[in-house]
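**Student:** Sequence:
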Amino acid sequence: FEERYFCRRMNTSLKINFASFDPGLEWNLAIQHRAFIARNLDAYDLFIYQEDDMILTTSHIAAFVFESHRVHQLFNSTLSNNVDGNMMIGFIRFR
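With the numbering used here as the guide, the letters of the sequence shown map in order to residues -18 to 76.
These are calculated hints, taken from the structure and not from any lab test.
The reader is advised that the hints may include incorrect statements.
[As the list claims (entries may be wrong)] The calculated lysine to any residue pairs, modelled on SDA-like cross-linking and capped at a C-alpha distance of 25 Å, are: (1) Lys(-4) / Ile36; (2) Lys(-4) / Asp26; (3) Lys(-4) / His41; (4) Lys(-4) / His50; (5) Lys(-4) / Asp23.
Turn these sequences into a full structure, and let the hints steer you where they fit.
**Tutor:** Here it is in structure tokens:
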């Protein structure tokens, strides 16, 4: 498991936290991740919220990080100060 998530830049395996919650939370389950993110905002570079009906691979994460860096470079180098540079890429889920 750790080999698959090894980061050469940091020379260590990525820290991955998994959490599960009481199914009795029902609709409130979908917001439980927000408290964790709020508590740990400065401790991590990337947060991923995923439900059990979504497939997310390390390739998806690597592509997200790579393309996010490209978007950041584009907005910092080519756009005027009048344009909001807080752009972010994302995934679109469809069925």
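**Student:** Which numbered conditions among the earlier hints are violated in the structure presented, ordered from lowest to highest?
**Tutor:** none
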